[in-house]
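Trainee: What follows is the residue order along each chain.
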Amino acid sequence: MSDNSIVSTNNLNLWYNEKHALQSITMKIPKNKVTALIGPSGCGKSTLLRCFNRLNDLIDHVKITGEITLDNENIHAQGTDVVSLRKKVGMVFQKPNPFPKSIYENIAYGPKVHGVKDKSELDRDVEQSLRHAAIWDEVKDRLNDSALGLSGGQQQRLCIARTLAVGPEVILMDEPCSALDPIATAKIENLIEMLKQEYTVIIVTHNMQQAARVSDYTGFMYLGKLIECGKTVDIFEHPREELTENYITGRFG
Amino acid sequence: MAEKFHTELKTTKKETVAMALFGRGMLRDAVDALIRQDKELAASVIARKDALHEMEVKLEEHCYQLIATGQPMAKDMRVIACTLKVINASMRIGRYGKVIANIVKDISDRPHIARLMSIPHMAELTMDMIDDAIKAYDTDSVALIADFSARDDTIDALRHSIFREGITYMMEDPKTITRCTYYILVARYLERCADHACKIAENVHYMQTGERIEIH
Chain A
2 MSDNSIVSTN
12 NLNLWYNEKH
22 ALQSITMKIP
32 KNKVTALIGP
42 SGCGKSTLLR
52 CFNRLNDLID
62 HVKITGEITL
72 DNENIHAQGT
82 DVVSLRKKVG
92 MVFQKPNPFP
102 KSIYENIAYG
112 PKVHGVKDKS
122 ELDRDVEQSL
132 RHAAIWDEVK
142 DRLNDSALGL
152 SGGQQQRLCI
162 ARTLAVGPEV
172 ILMDEPCSAL
182 DPIATAKIEN
192 LIEMLKQEYT
202 VIIVTHNMQQ
212 AARVSDYTGF
222 MYLGKLIECG
232 KTVDIFEHPR
242 EELTENYITG
252 RFG
Chain B
327 MAEKFHTELK
337 TTKKETVAMA
347 LFGRGMLRDA
357 VDALIRQDKE
367 LAASVIARKD
377 ALHEMEVKLE
387 EHCYQLIATG
397 QPMAKDMRVI
407 ACTLKVINAS
417 MRIGRYGKVI
427 ANIVKDISDR
437 PHIARLMSIP
447 HMAELTMDMI
457 DDAIKAYDTD
467 SVALIADFSA
477 RDDTIDALRH
487 SIFREGITYM
497 MEDPKTITRC
507 TYYILVARYL
517 ERCADHACKI
527 AENVHYMQTG
537 ERIEIH
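The listed protein sequences derive, respectively, from chains A and B.
So that you can map any letter, position 118 of the first sequence is 119 in our numbering, and since no number is skipped, the others follow by simple counting.
So that you can map any letter, position 188 of the second sequence is 514 in our numbering, and since no number is skipped, the others follow by simple counting.
With the rest of the complex left out, here is chain B (with noise of 0.2 Å):
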């Protein structure tokens, strides 16, 4: 029994990551949709969430069957806990990827009001931080996540900028602000996706050493 319950459980972590990596999958997509104004990438990023949804119902259905018939207990327990967090961050940041290609189809029939240059650098930063998460959270491994806090504050103060920026340009001319509010919504959204993968990593840290976190 106990050598099935460890096959099903290594089997939901394995499909875990597969999810992880489709939200951020959407959301790295939706993020060149807005740099390239790709119309059609960002279109295929939000023909996608229903597939993210299901991935959740499915994933979520297997941890509780999981706890239902095996009574997990100690690092077994653990990993189901941290798990049910990876499926909703997961959901979030696909969510959020979903969210911006739908601006993308908004305000992609005018060019950027400049050359975006915080923005996708604020993406990159985001980005590293769900594959190291995620990578943590496959490969058990803490050190990845050790310098977490430090790279929030960094999207934290990135985030500020990009919203001081915008209102310098709607301030300067009115004709911007539809698309400088896009701009400050999608350094909001990446912010969130930064905190989603701080989430990963507080419970990828109790998940291996079974101690509480909390990155700020």
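Isolated chain A, as found in the complex (with noise of 0.2 Å):
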């Protein structure tokens, strides 16, 4: 896909048990750019998002076979510090989930965790974050309220923003939107497309619009496979693959 790659997956095969969900998959996903998986259910798309930062880990009988590499580095090697690599690679999830504490700590627990102990380098990372999730202004003036009185369009930015806080590389979102409603969805959208300046990303959806808005690259998942990966433009104009063509046109039976 491109030569200027964060992560790559070389021959990834995941099982959950029997079930082989994810089958030779080969992908790489450009630095600095958005790139979306589009797939119908049950096509494995999540399954490889959390293979990004070793989520599947936590879940038992799942077997993984092929190479994952993150700046090069095979982030299955032995000696692999998994908390140092969930700090590289951030995840937000489907639904708002913020610790039932304030805003302040929701985004200092972060940095908090990883050693920063100082009250004015909290500050300064609390206030960079949230500018960075584009929250800023809604919430400066109430930073020790609960995270939980936010809206959830609110919540999802406050999600990314304590994802940001610990200095990703890359941020991996599992339909951050579809808990939100349009206006709430046009935000993450428009901050997503901000993100990408400084943060890799790659997110899940089932909405295919917003896979065309919001992405540079566009991977094709069906029954485990990935079926076709390349520019979004390019696979939504006109894609190589009859199955993506048939999916992306709603003719799936």
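None of these hints come from the bench; they were simulated from the model.
Here the structure is a predicted model, which means the values were calculated and not measured.
C-beta atoms are modelled at their ideal positions from N, C-alpha and C, and glycine is treated no differently.
Treat the hints with caution; some may be incorrect.
Unchecked claim - Listed next, the stretches of chain A that the computed footprint assigns to chain B, with coverage defined by at least 3 CB atoms under 8 Å from CB atoms of chain B:
| id | region |
| --- | --- |
| 1 | 205 to 217 |
| 2 | 246 to 253 |
To be verified - In silico contact screen, one side only, chain A against chain B (beta carbon under 8 Å); selected entries:
| id | residue |
| --- | --- |
| 3 | Phe237 |
| 4 | Glu238 |
| 5 | His239 |
| 6 | Pro240 |
What the hints assert, rightly or not - Here are some of the chain B residues that sit facing chain A, going by a computed Cβ distance under 7 Å:
| id | residue |
| --- | --- |
| 7 | Ala328 |
| 8 | Gln397 |
| 9 | Met399 |
| 10 | Ala400 |
| 11 | Lys401 |
| 12 | Asp402 |
| 13 | Gly536 |
With the hints as a guide, bring the two chains together.
Mentor: So, in structure tokens, the structure goes:
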């Protein structure tokens, strides 16, 4: 897909017990770009996303073969610090999941875990992260209020800010807008556009129009396989594979 | 939803073919009226212009609704893009028919300066190109338009030939200037209609393959 890749997979396979959920996935994720993974439910896109920060390690009976590299280093190599990996590869989930703490504490939590103790440094991290997540102006006067009092869209941007606070290189987003209304969705999409200047974003979405709007590259998955991967404009204007064509034109029966 | 969208898209395409044939019919009848100096037929062509315009507005509206509600991608998107171009080209072809019909009204009181040869021949070739372009759009067939570049060259050569022929008549006898000017204009309109057939062909190619070509 691109030589300027930050994450790549080589012949990646994943099994949940007997179920072969990812089959020989080989792809490159370009740096400072937005890559969307699309495909019908159960095609493996979320599973693939969760491979990139080894979130599947938390699931029993998962077997993985093949290679995933981040910055040319195998993330399954012996001695890989998974906590450090997840610091580099942050994740935002479908449903906003703020901690039942204040807005400030939600953001400061990550830096604190990673050893930042100085209050002024934490203040700076919190402000910077909230600014980068385009929510600072909405919350700056109520940093000590509970994060649970924010709207769904604000909570999701707070979760993005929380991810940014630990300085990731890659941000994984698993259906980040599916629980949000169109206005909140538009804000997240604008944010994604801004984020790619500093980060690499990989987004899983059921919404093809969203994939077309926000991503530079798109991968189409079907039954655990990566069917086609390429520039978003090419995938949505004239895909190479008939399967992709059928899916994005809604002809799947 | 997808099924409803595809049914509507199919219907819009079918109606666009009907409009294209309607526009083509206007041009066909206008040329026949010119050859036969048939003012009645010319008047019937002119009377069809409002119906053509109504079809254009209605079909464009259908396309915009399909875009707004179906948010089409890939081939669906390309079909709609092509359909909008076919609507426009059909409108232009029909309008050229109307313009030629207006000429018939002006020059039918006196006989042609000679037996018309080149214009009917050029008209036949132009109609063939329009027919093949419409059929290619209707049947998703790029084979029908494969030789359009060469066919368009022939049309251009005929237009030039009619131009030179007209100039010769005009120089020989200035009384023919009005009619010869009209013949030259008709040749120019037929050439433009062939160009519109080429535009349809280019868009059918894009619709089918996703690749852009230019037919010179």
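Trainee: Hint check: is the beta carbon of Ala328(B) less than 7 Å from a beta carbon of chain A?
Mentor: holds (3 Å)
Trainee: Less than 7 Å between beta-carbons is the criterion; does Gln397(B) satisfy it with respect to chain A?
Mentor: holds (5 Å)
Trainee: So, as I understand it, the hint says Glu238(A) touches chain B; can you test that by seeing if any CB pair is closer than 8 Å?
Mentor: At 6 Å from the nearest chain B Cβ, Glu238(A) passes the 8 Å test, so the hint holds.
Trainee: Holds or violated: the hint that Ala400(B) contacts chain A, with Cβ atoms closer than 7 Å.
Mentor: Given a least distance of 5 Å, the restraint on Ala400(B) holds.
Trainee: How about Gly536(B): closest beta carbon in chain A under 7 Å, or not?
Mentor: holds (2 Å)
Trainee: Once the shortest beta carbon distance from Met399(B) to chain A is found, is it less than 7 Å?
Mentor: It holds, given that the least Cβ distance between Met399(B) and chain A is near 4 Å, below 7 Å.
Trainee: Hold the hint about His239(A) up to the distance rule: shortest CB distance to chain B must be less than 8 Å.
Mentor: Given a least distance of 2 Å, the restraint on His239(A) holds.
Trainee: For the region 246 to 253 of chain A, does the count of residues with a C-beta closer than 8 Å to a C-beta of chain B reach 3?
Mentor: holds (count 5)
Trainee: How about Asp402(B): closest beta carbon in chain A under 7 Å, or not?
Mentor: holds (5 Å)
Trainee: Does the CB of Phe237(A) sit less than 8 Å away from some CB of chain B?
Mentor: holds (5 Å)
Trainee: Given a cut of 7 Å on the nearest C-beta pair, is the interface hint for Lys401(B) held or broken against chain A?
Mentor: holds (6 Å)
Trainee: Answer holds if the nearest beta-carbon of chain B is closer than 8 Å to that of Pro240(A); otherwise answer violated.
Mentor: Pro240(A) check passes; min Cβ-Cβ to chain B is 6 Å, inside 8 Å.
The earlier numbered hints are all upheld by this structure, with none contradicted.
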